[in-house]
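Asks: So the chains spell out like this:
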Amino acid sequence: MFNLFKFASPASFYPLAGKLVTLFAIASVILLVIGLYMSFFVAPTDYKQGEGYRIMFIHVPAAWMSMFIYVVMACWAAAGMIWHTRLSSMMASALAPTGAMFTFLALWTGALWGKPMWGAWWVWDARLTSELILLFLYVGFMALESAIDDPRRAARASGLLALVGVINVPIIYYSVQWWNTLHQGSSIKVVKGGVETSMTEIMVWTLLIMTFACWFYTIAVALSRVRSIILERESDSSWVKEMLQGAKS
Amino acid sequence: MKSRHKRMVFIVIGLAALGGAVALIMSALQSNINHFFSPTEVIANAAPKDRSFRLGGLVVKDSVQREDDGLTVHFGVTDNVETVPVVFTGILPDLFREGEGVVAQGKIANDGTFMADEVLAKHDETYMPPEVAEALEKAEQAKIEASVLPAEGI
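For the protein sequence lines, the chains are A and B, in the order given. Its first residue numbered 1, the first sequence is counted upward by one per residue in this note's numbering. Its first residue numbered 1, the second sequence is counted upward by one per residue in this note's numbering.
Derived by calculation from the structure, the hints in this document are not laboratory data. Watch out, some of these pointers could steer you wrong.
[Claimed, not checked] Straight line, CA to CA, 27 Å or less: simulated DSSO-like cross-link-like pairs of lysine-lysine:
#, chain 1, residue 1, chain 2, residue 2
1, B, Lys2, A, Lys48
2, A, Lys48, B, Lys143
3, A, Lys6, B, Lys138
4, A, Lys115, A, Lys6
5, B, Lys138, A, Lys115
[To be verified] Computed, partial: chain A to chain B, Cβ under 7 Å:
#, residue
6, Tyr53
7, Tyr173
8, Leu182
Computed from a predicted structure; not experimentally measured. In this text, a Cβ means the ideal position worked out from N, Cα and C, and glycines have one as well.
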């Protein structure tokens, strides 16, 4: 029988991750080319915001990924704490830089979008502020992890921060519904009995393709990063030594 | 109970407790987290009287009037229940339009006029091509006419 737990061991996960990196990198590039073409040339001009709204096609996927990656990271951190599996905390630390990058991208593209449309680069409303806190959580996670030398203690401390911070994700998502904000509400909403959207269909498709491109990019980058972390942490183990000797000869 | 089950239960209970605490803090800070006051809240004296705050709502249709200096604008902000008159001197954002959302920062004067220092446009989450917007408007017009005509018939 196919045993999934076999891949919980770094030694057997390392070669599998290598194959997955190539697969997801190619898929991501293809989707990104299609998605960007659609963003600029296929999606229609907006009736109110003209061409300026097109920044949405990078802003929204980046914001979604920033929240999604955090949840995945917190799940890995929790798994590492519960089962004491080495690979789990490595996955969490491999995801953090990409999550921070998407958070920064969401904030930056948001500022570029806010200035022409709202008239301000930044306002302290609930949506923008909670997203900024998310960036600090990512940075805090990475800083805490690298500040402690012992990898197991580092994983425990940073994992706790990741778990506590996960409370912020629903706050970001629902901030536009719970409070008065300058930021507009969600254009794609999950409601009872399906999904509701206040966008033209082609815009939704463009958004989805861009999101999958970002998602596959995240998988490819996180897996290649986790491969480096595996090599670093397992550098004394026999399988790494054998592999390196095999590469030399 | 195995120790990994204990850890799992501990994490779940810990997160639930934390979530509860945050929810209580959020509900206690409700009015501080809100970015702006609605005209109804301003009329009901819920907004601060002596210091600056933000007022949010829709610009009343046909209410925008410019003074001769070309910079001072008068308009009404409504939440479809109450309306607050606003005065602003300065450059308005491109998306500022009658019937659209705004968030204005300023103070309320003694006569009930809101003296704004800054006006930001708040757009909604609807995106569509201009042709579709036009078609929707036409359909809306047709609906209004259809509802008016029978009444005239009587």
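Asks: Determine for every hint whether it applies to the structure shown.
Replies: Against the structure, the hints come out as follows:
1. B:Lys2 to A:Lys48: 60 Å, violated
2. A:Lys48 to B:Lys143: 23 Å, holds
3. A:Lys6 to B:Lys138: Violated, at about 63 Å.
4. A:Lys115 to A:Lys6: 51 Å, violated
5. B:Lys138 to A:Lys115: Violated, because 32 Å separates the two Cα atoms, which is more than 27 Å.
6. Tyr53: 6 Å, holds
7. Tyr173: Since the shortest Cβ distance to chain B is 14 Å, the answer is violated.
8. Leu182: Holds, about 5 Å.
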